[in-house]
Amino acid sequence: MRHAISKLGKDTITFFEEAGAIFMLLGKILSYSGRVFKDWHLLLQQMMTIGFRSLPIVMMIGLFTGAVSAWQTNYQISGYVPIRYLGLATYKAVIIELGPVLTAIILAGRVGASIAAELGTMKVTEQIDALESLAINAVRYLAAPRFFAAVIMMPILVVFADFIAISGAWFVAVVFLDIPTKIFFSEIPQFFIVYDIFAGLFKALFFGGIISLIGCYVGFSTTGGAEGVGKSTIRSFVLSAILILIFDYLLAIILF
Amino acid sequence: MIEIKGVTKSFGEKPVLRGVDLTINTGESIVIIGRSGCGKSVLLKHLIGLIQPDTGNIIIDGEDITQMKEADLYRMRRNFGVLFQSSALFDSMTVRDNIALELEEHTDKPIEEIDQIVAERLRMVGLPDTEALKPAELSGGMKKRVGLARAIAFSPSYVLYDEPTTGLDPIMADIINELIVNLKEKLDVTSIIVTHDMVSAYKIADRIVMLHRGVIMYDGTPDEIRSTDNEVVRQFIEGQADGPIKPVPVGGPSLRYHRSG
Numbered sequence: 002m003r004h005a006i007s008k009l010g011k012d013t014i015t016f017f018e019e020a021g022a023i024f025m026l027l028g029k030i031l032s033y034s035g036r037v038f039k040d041w042h043l044l045l046q047q048m049m050t051i052g053f054r055s056l057p058i059v060m061m062i063g064l065f066t067g068a069v070s071a072w073q074t075n076y077q078i079s080g081y082v083p084i085r086y087l088g089l090a091t092y093k094a095v096i097i098e099l100g101p102v103l104t105a106i107i108l109a110g111r112v113g114a115s116i117a118a119e120l121g122t123m124k125v126t127e128q129i130d131a132l133e134s135l136a137i138n139a140v141r142y143l144a145a146p147r148f149f150a151a152v153i154m155m156p157i158l159v160v161f162a163d164f165i166a167i168s169g170a171w172f173v174a175v176v177f178l179d180i181p182t183k184i185f186f187s188e189i190p191q192f193f194i195v196y197d198i199f200a201g202l203f204k205a206l207f208f209g210g211i212i213s214l215i216g217c218y219v220g221f222s223t224t225g226g227a228e229g230v231g232k233s234t235i236r237s238f239v240l241s242a243i244l245i246l247i248f249d250y251l252l253a254i255i256l257f
Numbered sequence: 350m351i352e353i354k355g356v357t358k359s360f361g362e363k364p365v366l367r368g369v370d371l372t373i374n375t376g377e378s379i380v381i382i383g384r385s386g387c388g389k390s391v392l393l394k395h396l397i398g399l400i401q402p403d404t405g406n407i408i409i410d411g412e413d414i415t416q417m418k419e420a421d422l423y424r425m426r427r428n429f430g431v432l433f434q435s436s437a438l439f440d441s442m443t444v445r446d447n448i449a450l451e452l453e454e455h456t457d458k459p460i461e462e463i464d465q466i467v468a469e470r471l472r473m474v475g476l477p478d479t480e481a482l483k484p485a486e487l488s489g490g491m492k493k494r495v496g497l498a499r500a501i502a503f504s505p506s507y508v509l510y511d512e513p514t515t516g517l518d519p520i521m522a523d524i525i526n527e528l529i530v531n532l533k534e535k536l537d538v539t540s541i542i543v544t545h546d547m548v549s550a551y552k553i554a555d556r557i558v559m560l561h562r563g564v565i566m567y568d569g570t571p572d573e574i575r576s577t578d579n580e581v582v583r584q585f586i587e588g589q590a591d592g593p594i595k596p597v598p599v600g601g602p603s604l605r606y607h608r609s610g
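If you read the sequences in order, they're chains S and B.
Residues in the first sequence are numbered consecutively from 2, following our numbering.
Residues in the second sequence are numbered consecutively from 350, following our numbering.
If you're looking for bench data, these hints aren't it; they were derived computationally from the structure.
Remember, it's a predicted structure, so these values are computed and weren't measured experimentally.
Note that beta-carbon positions come from the ideal geometry of N, C-alpha and C, so glycine has one too.
Check each hint, because a few of them may be wrong.
Computed footprint of chain S on chain B, listed as stretches where at least three residues anywhere in the stretch have a Cβ under 8 Å from a Cβ of chain S [stated by the list, open to error]:
| # | stretch |
| --- | --- |
| 1 | 389 to 402 |
| 2 | 425 to 432 |
| 3 | 449 to 459 |
List time: in silico DSS-like cross-link candidates among lysine-lysine, alpha-carbon distance up to 25 Å [stated by the list, open to error]:
| # | chain 1 | residue 1 | chain 2 | residue 2 |
| --- | --- | --- | --- | --- |
| 4 | S | 11 | B | 458 |
| 5 | B | 483 | S | 124 |
| 6 | B | 363 | S | 124 |
| 7 | S | 29 | B | 418 |
Looking at chain S on its own, in the form it has when it is part of the complex (with noise of 0.2 Å):
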């Protein structure tokens, strides 16, 4: 029982250390915020990998995304609600909910453990002291483009994602539903919202920095050799995929 009061009272101690340092790491990330674009080839070269090359993957999940959304949601409406409210259904979901947090979770292990992978092999080969020892901060050279880059690509990634899922929810209700193109698009003009819209970017421009964030702090706290950097991808992606679930609710909360 004392031993599991005093680990109970170490982890809690551990959980703040670690949510400090994390807020710490933002804190010095979102100081290089103007330095960042001058350093805009660092900005440009993780924006291609963080954006473009996520591209294909991201559209794939947008593709099967939308087609199971239209598929489920047919099953679970029909004989409810008229047909009609099919296509708005499967648009609404999709935007608000699917396109984001889909997304985001497979960039959390794409892109974030991508991440932690490579700053925690240039922290246990000292890349990191070698690049501070030739004067230049580790966290302006590579977390704020990393940051930055994914802040920025996110919600684009999500549009592709979003305009993608809604292509395959169609293909899906046009060819195995049997369910006409204008019908499938008849009631998404009545409640076409643009807040929606803008609510799902900023939940994806959210779950962007947390990837990052977390990817890039995971890195920098790697030790341990080539098992640690196998741990540090793990947790990058497991701490980042939490987060995004707990900041979604948080975020509807507040959006809407």
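We have chain S; now place chain B onto it with these hints.
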């Protein structure tokens, strides 16, 4: 000149430096010897502020770096070049970009001039025309030499070497030793070398100090250390298992054999 005054450092419960006092004069080559894990590299990292001491002061050219603001610390680091134990070359960059990085970040020199400096530094370390190679294409000795070229790219006043010959064959180790001696003469730098390779230490040192149990326990010239009657130093420089320095037990009792009878 570098003055290290009463520096202590612990990691968790484990004290590593217990009050290091050392003065390094401008222009000299000082070798810090000591057993693996005794805190040599930790001491070296203190000199450029990569690690902050728990107590004590590190004064470089009259400025105490333990009290410096971050911006001043980065300015001070430009006076230093560091060759890391693992070379620590940036994997994603070519040899040229590794060496040019500091110049590109801190100067407005045109690319042509930076390329000239890179080529010159590579010639100095005996690796001309290797600019386009990636670190993965280099041997261990080549990596060390590129690391050295990077360390001297910005014409530093101080060059720190962390185990420069570790992991190299004896011939390559001697090439690195020659380079350290030559660079000191050509660039007029103060060299601080951490090593436990005594062949290397004798060859490059003006002065040798020994770090043991967290303090500087010996300070002398290579000739003085060869003839010292200090048992701890003798055991270390002669590489003997028996003596006052006990092996560190790993996961159990002492690994030493105890003779009976």
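ask   = Counting residues of the stretch 449 to 459 of chain B that have a beta-carbon nearer than 8 Å to any beta-carbon of chain S, does the count reach 3?
value = It holds, with 4 qualifying residues against the three required.
task = Establish whether the coverage given for the stretch 389 to 402 of chain B by chain S is satisfied; the threshold is a Cβ-Cβ distance below 8 Å, and no fewer than three residues must meet it.
result = holds (count 3)
message = Would the hint linking residue 11/S and residue 458/B be met if the CA-CA limit is 25 Å?
response = violated (52 Å)
query = Within a Cα-Cα threshold of 25 Å, do residue 483/B and residue 124/S meet the stated pairing?
reply = holds (19 Å)
key: Per-stretch coverage check for the stretch 425 to 432 of chain B, three Cβ contacts closer than 8 Å to chain S   = holds (count 5)
ask   = Under the criterion that the straight-line Cα-Cα distance not exceed 25 Å, is the pair residue 363/B, residue 124/S satisfied?
value = holds (22 Å)
key: Pair hint outcome, residue 29/S versus residue 418/B [Cα-Cα no greater than 25 Å]   = At roughly 15 Å apart (the allowed maximum being 25 Å), residue 418/B and residue 29/S satisfy the hint.
The structure fails hint 4 only (numbered hints given earlier).
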